[in-house]
Amino acid sequence: MVIESKAADLAGRSETRRETATADQTTWTGPHLLDVDTLSRDEILLILETAEGMEEVLHRRVARTPALRGVTVVNLFYEASTRTRASFELAGKVLGADVINVSGNGSSVEKGESLIDTVQTLKAIGADVIVMRHPSAGAPYLAARNANAHVINAGDGWHAHPTQALLDAYTLSKAFGKREGKATGTLEGKRILIVGDVQHSRVARSNIWALTTLGASVTLVGPRTLMPRGLETEPEAGQTQGLPQVEVDDDLDRAIVGADAVMALRIQTERMRSAMLPSLREYASRYQIDATRLAKATKGAPLLHPGPMNQGIEVAADVAHGPQSEVERQVQHGVAVRMAALYLLARTGE
Amino acid sequence: MTRASNSSAENGNGTRNASGGDRRFVPTPAARERQVVMDADAIRRALVRIAHEILEHHADVSRLVLVGMRTRGVPLGERIAEAILRFEGVTVATGALDISLHRDDLSMREFPPTVHPSDLPESLDDRVIVLLDDVLFTGRSIRAALDALIDYGRPAAIELAVLVDRGHRELPIRPDYVGKNLPTQRSDVVEVLLTETDDIDAVVVRAGVEKDGLKTESDPSSTAATERRGRGS
Numbered sequence: 001m002v003i004e005s006k007a008a009d010l011a012g013r014s015e016t017r018r019e020t021a022t023a024d025q026t027t028w029t030g031p032h033l034l035d036v037d038t039l040s041r042d043e044i045l046l047i048l049e050t051a052e053g054m055e056e057v058l059h060r061r062v063a064r065t066p067a068l069r070g071v072t073v074v075n076l077f078y079e080a081s082t083r084t085r086a087s088f089e090l091a092g093k094v095l096g097a098d099v100i101n102v103s104g105n106g107s108s109v110e111k112g113e114s115l116i117d118t119v120q121t122l123k124a125i126g127a128d129v130i131v132m133r134h135p136s137a138g139a140p141y142l143a144a145r146n147a148n149a150h151v152i153n154a155g156d157g158w159h160a161h162p163t164q165a166l167l168d169a170y171t172l173s174k175a176f177g178k179r180e181g182k183a184t185g186t187l188e189g190k191r192i193l194i195v196g197d198v199q200h201s202r203v204a205r206s207n208i209w210a211l212t213t214l215g216a217s218v219t220l221v222g223p224r225t226l227m228p229r230g231l232e233t234e235p236e237a238g239q240t241q242g243l244p245q246v247e248v249d250d251d252l253d254r255a256i257v258g259a260d261a262v263m264a265l266r267i268q269t270e271r272m273r274s275a276m277l278p279s280l281r282e283y284a285s286r287y288q289i290d291a292t293r294l295a296k297a298t299k300g301a302p303l304l305h306p307g308p309m310n311q312g313i314e315v316a317a318d319v320a321h322g323p324q325s326e327v328e329r330q331v332q333h334g335v336a337v338r339m340a341a342l343y344l345l346a347r348t349g350e
Numbered sequence: 001m002t003r004a005s006n007s008s009a010e011n012g013n014g015t016r017n018a019s020g021g022d023r024r025f026v027p028t029p030a031a032r033e034r035q036v037v038m039d040a041d042a043i044r045r046a047l048v049r050i051a052h053e054i055l056e057h058h059a060d061v062s063r064l065v066l067v068g069m070r071t072r073g074v075p076l077g078e079r080i081a082e083a084i085l086r087f088e089g090v091t092v093a094t095g096a097l098d099i100s101l102h103r104d105d106l107s108m109r110e111f112p113p114t115v116h117p118s119d120l121p122e123s124l125d126d127r128v129i130v131l132l133d134d135v136l137f138t139g140r141s142i143r144a145a146l147d148a149l150i151d152y153g154r155p156a157a158i159e160l161a162v163l164v165d166r167g168h169r170e171l172p173i174r175p176d177y178v179g180k181n182l183p184t185q186r187s188d189v190v191e192v193l194l195t196e197t198d199d200i201d202a203v204v205v206r207a208g209v210e211k212d213g214l215k216t217e218s219d220p221s222s223t224a225a226t227e228r229r230g231r232g233s
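From first to last, the protein sequence lines are chains U and V.
Using the numbering used here, the letters of the first sequence map in sequence onto residues 1 to 350.
Using the numbering used here, the letters of the second sequence map in sequence onto residues 1 to 233.
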């Protein structure tokens, strides 16, 4: 009798635990990764947790697993890229996928093939995942609607660059964790500065979504001419495309005091022509992250930059390679985060 | 064992099957739907015995690495390492291995298993690895683990220790150390609960349900969840 009731008790417990496990299990929902704005907090955390496991794989002597064996990943790049394309390629290969690179130059795109035709052709030759960079905002959405394949946005115009935002969140979580003596730290309640040309930055846009979804508060810093319009005003009725609540400040020396992390954006020199910036020198004097300014942030605050970096403009050379710089780690984390994205997308059943 | 005796439910009323890890025949649990086949004492004795067997087989303990397969193999490895420390006064290296990316059923699952980092010594070259899992069933997880381990180096040898061997192998894999041989029906569910992960030490068997003359698992709802419970495969 005693044994009976004990068995029932134990079985009961395991029953309860089973239900909890199922309920707790975060799963990946969307077939594509087009931006961060559609991701829930749990989905972002699932990517970051998965990336943790992927980063360990990269440190193995033989960094290759069979997880995506038989999966074909196509990198379709209509715009220049070194780190993003290389890290997607490596991510796919480490997971055992076949990776094909197609660039806008030298492909049928030059013969006038439409985007829809191109993605359908890629699907026909067996693409399971299409990683796409395009100069026009929204192009990956068009591809996602027309290709029966998973689409990952690797940057579209000024709009979004979700994997960059996710790797930045991952880098911040690791950096905060290190300061607290743990493997990973939370972004909850942290104040993060995004400095520079926010208006033309898809990195900034996706980061605003990722960071605020994870509970951080974001302050955008830069000349007013380089800030997205409409941030200070309430969105009009029926308008849903606005960005989440952020602070805006045009005085870096004021905003950086007590910041938990600083993210500098690349100043795109091609913007200079459009007279949005009077001169690079003036920009550097007001918005360059240098040692004096970084010292006003919280102690050991991580410094991020999505690259490629214009040293001496956005960031002073000494802090760019200083102890607080996460720039190199961002590149390494990029591979792990992109492995996580490929794995979750390609291995979630249709 | 250190953590095993904290639950009053286990003390002083050993179950009929609490024979500890011997290799005698134990009747299948078909008679009852749910059955505790090992309690905390039985698990403790089985692990102590495995620790002794490992010591008998290996004169040079310094080359050993006890590698637990996530999730429940990891605490098993730590407990055996504790026992070896107690008996011999030497600390054996331990590690944790995640096999998610090496599974052979990734393309058949609805959701991919969550990937966690493995945690292994710097080099596995010329080390003798004792791989630990809670339940040995089809052998497919072990196949995945062997593949994963080879990516870290070239061990001198790999051995296998399991708390429960429930039979029904689908691959040519056999364990070197067994806590308990447990004849089961293929449809039975064997769950290992450990204090580190489940707040209690026990091995529970739940019989498969007879349905139209066919046996199915009593809870087929979620394979992923079942595996998180420690159902061996």
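Keep in mind that a hint or two might mislead.
Claimed, not checked - Simulated DEER-style distance windows between Cβ atoms:
| id | chain 1 | residue 1 | chain 2 | residue 2 | range |
| --- | --- | --- | --- | --- | --- |
| 1 | V | 119 | U | 145 | 52 to 62 Å |
| 2 | U | 64 | V | 172 | 18 to 28 Å |
| 3 | U | 298 | V | 119 | 28 to 38 Å |
| 4 | V | 123 | U | 138 | 48 to 58 Å |
| 5 | U | 257 | V | 60 | 37 to 47 Å |
| 6 | U | 189 | V | 170 | 23 to 33 Å |
| 7 | U | 80 | V | 90 | 38 to 48 Å |
| 8 | U | 40 | V | 170 | 44 to 54 Å |
| 9 | V | 147 | U | 136 | 38 to 48 Å |
| 10 | V | 52 | U | 69 | 38 to 48 Å |
| 11 | U | 280 | V | 121 | 15 to 25 Å |
Claimed, not checked - The following residues of chain V were derived to be distant from chain U, with all beta-carbon distances above 12 Å:
| id | residue |
| --- | --- |
| 12 | 90 |
| 13 | 107 |
| 14 | 151 |
| 15 | 157 |
It should be emphasised that the hints constitute simulated quantities derived from the structure, not laboratory data.
The beta carbon of each residue, even a glycine, is placed where N, CA and C say it ideally should be.
Taking the hints in turn, this is what the structure says about them:
no.	hint	result
1	V:119 - U:145: 52 to 62 Å	violated (43 Å)
2	U:64 - V:172: 18 to 28 Å	holds (25 Å)
3	U:298 - V:119: 28 to 38 Å	holds (30 Å)
4	V:123 - U:138: 48 to 58 Å	holds (50 Å)
5	U:257 - V:60: 37 to 47 Å	violated (59 Å)
6	U:189 - V:170: 23 to 33 Å	violated (50 Å)
7	U:80 - V:90: 38 to 48 Å	violated (58 Å)
8	U:40 - V:170: 44 to 54 Å	violated (38 Å)
9	V:147 - U:136: 38 to 48 Å	holds (43 Å)
10	V:52 - U:69: 38 to 48 Å	holds (41 Å)
11	U:280 - V:121: 15 to 25 Å	violated (51 Å)
12	90	holds (27 Å)
13	107	violated (7 Å)
14	151	violated (4 Å)
15	157	holds (18 Å)
The structure fails hints 1, 5, 6, 7, 8, 11, 13, 14 (numbered hints given earlier, in ascending order).
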